[in-house]
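> Take these sequences, add in the hints, and give me the full structure.
In case you want the letters, here they are:
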Amino acid sequence: MKENQEPTIEQIADLLTDIASSLMSSGSHTKRIIRNVSRIADVLGYDTDITLLQMSVMLTITNAEDRTKRLTTNKKLNPLLLNFTTVSDLSALSWRTHDDKLPFDMIQSEYKRIVSQKRISPWLVMFLVGCANAAFCGLFKGDLPSAGLVFAATIVGFFLRQEMNKRHVNHLVSFTASAFIASLVAGMTYVFQIGTTPQIALAASVLYLIPGVPLINSVLDLIEGHILIGISRLVNAASLIVCIAIGLFTSMLILGLEKL
Amino acid sequence: MNTEMIKLVLLDGALAAVAAVGFAVISNPSRKAIYFSALLAAIGHALRFILIKSGVEISLATFAAASTIGLLSILFARLIHCPAEVFSFPSLLPMIPGMFAYKTILSMIKFMQSTDTIKAQGFMMDFFHNGMTTVFILFALVVGVSLPILFFPNYSFMVTRRYEQKHNR
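The listed protein sequences derive, respectively, from chains A and B. 1 is the number of the first residue of the first sequence in this note's numbering; add one for each residue after it. 1 is the number of the first residue of the second sequence in this note's numbering; add one for each residue after it.
Hints were generated in silico from the structure; no laboratory data involved. Careful, some of the hints might be misleading.
Interface residues of chain A toward chain B, partial, derived using beta-carbon atoms under 10 Å [to be verified]:
id : residue
1  : Asp89
2  : His98
3  : Ala135
4  : Ser218
5  : Val219
6  : Leu240
7  : Ile241
Calculated cross-link-like contacts (lysine-lysine; reagent style BS3-like; alpha-carbon spacing at most 27 Å) [to be verified]:
id : chain 1 : residue 1 : chain 2 : residue 2
8  : A       : Lys112    : B       : Lys32
9  : A       : Lys75     : B       : Lys119
10 : B       : Lys7      : A       : Lys141
11 : A       : Lys31     : B       : Lys32
12 : B       : Lys103    : A       : Lys166
13 : A       : Lys141    : B       : Lys103
If you want the footprint, here are the derived chain B segments under chain A, 3+ residues with CB under 8 Å [to be verified]:
id : region
14 : 21-33
15 : 83-95
Glycine is no exception: its CB is placed at the ideal position from the N, C-alpha and C atoms.
So this is what it looks like as structure tokens:
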């Protein structure tokens, strides 16, 4: 390889921080991120030390042969947008790099391809989430009319949240608002006496908002000893759950509790 | 087990599968992972249903179901070269204690608004009973699914590797 084709330390640090931040905002737990990034860095001939925080990732790379060559970079993270295709593809890429000793250019182009993959269509997601919440209503022994209303409520709430996310509304506000609207729509079971299980419809209508992945990731991080990031994830998930509760609470107050 | 029970279990599994698919697509996994999370959710939830029907306490049953999901997910992860958490997380979600959480909030509001001391005490009891159940079920879910990942760390971190198998054949 010619001298000028050798990647510079800056280029390598940039690529590695990009990979770490993509993994982080796609919803991977900390241990996987550290393992994947170090594995790629090893092949490129660098040692890594990573600090992960809720809003930023900090990474120091040191050349394994010449310890005076080292660089620290710090990158702001994008807001959490779950994408497990990215997580599994980047994880596979790190193993491929390790096993086939991929060159730097190859890793970079593969990374770009992985992060620019298209997501599942938002309309399809909305429909499936509606079905899921209706199925939830069924699991709690709700009857068919309430399941139908839960479907409608979920679609409305999910649409609202998507639109608010597009306009960069604070995520706590958007969670509260969509929980409120969804439970209000589901609460129409009371107002119009649809079905026999209005309670179950109300309870199921907000469940699509539950932040399951951050919650599980936080416990995994806590168990593996990444206490700081584990607690920040936990606080984040807990505040979202409180917001859901506030939304539900408000619509229950409006609907009137005498009937509940 | 009679046919009525089998029917109920199957219905339970099917509903859980639909719920898991809906929650899986939010996190944009690959198509194969979606099928597997539906399958795992059906297995896990049906198992929990059977356990509860045969008299096991709900959080314990949840723990058993969650660890079953965790173990199976590591096996399946090996098959489709995809990290286990990608499909074990969505398949847990149908077991989220939604009704208990709802009842917790409901009893909290009723407690807040009631003027009768005796009734208020009853609501307080409801609040704690439902709240504790919610928290314990959530805890059982999360710990149950992460235990297998902790017990087999190397195994679960190597599922996306293709090289090894190619050369061992």
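> Is A:Lys75 close enough to B:Lys119, meaning Cα to Cα at most 27 Å?
violated (55 Å)
> Given the proposed pairing of B:Lys103 with A:Lys166, does the C-alpha separation stay at or below 27 Å?
This hinted pair is violated, its Cα atoms lying about 33 Å apart.
> Any CB of chain B closer than 10 Å to the CB of A:Leu240?
violated (13 Å)
> Is the shortest C-beta separation between A:Asp89 and chain B less than 10 Å?
Where the cut-off is 10 Å and the nearest Cβ of chain B is about 8 Å from A:Asp89, the hint holds.
> Using 10 Å as the Cβ threshold, decide whether A:Ile241 counts as touching chain B.
holds (8 Å)
> CA of A:Lys141 to CA of B:Lys103, is that 27 Å or under?
holds (15 Å)
> Regarding the hint that A:Ser218 lies at the interface with chain B, is the smallest CB-CB distance below 10 Å?
holds (8 Å)
> Counting residues of the region 21-33 of chain B with a beta carbon closer than 8 Å to any beta carbon of chain A, are there 3 or more?
holds (count 10)
> Compare the distance between the alpha carbons of A:Lys112 and B:Lys32 with 27 Å, and conclude whether the hinted pair is satisfied.
Holds - the C-alpha atoms of B:Lys32 and A:Lys112 are around 23 Å apart, at most 27 Å.
> Are A:His98 and chain B close enough, Cβ to Cβ, to be under 10 Å, as the hint says?
Result: holds, 8 Å to nearest chain B Cβ.
> Regarding the pair A:Lys31 and B:Lys32, is the alpha-carbon distance no greater than 27 Å?
Holds - the C-alpha atoms of B:Lys32 and A:Lys31 are around 24 Å apart, at most 27 Å.
> For the pair we were handed, B:Lys7 and A:Lys141, check the Cα-Cα distance against 27 Å.
holds (14 Å)
In terms of the numbered hints stated before, the structure departs from hints 6, 9, 12, listed from lowest to highest.
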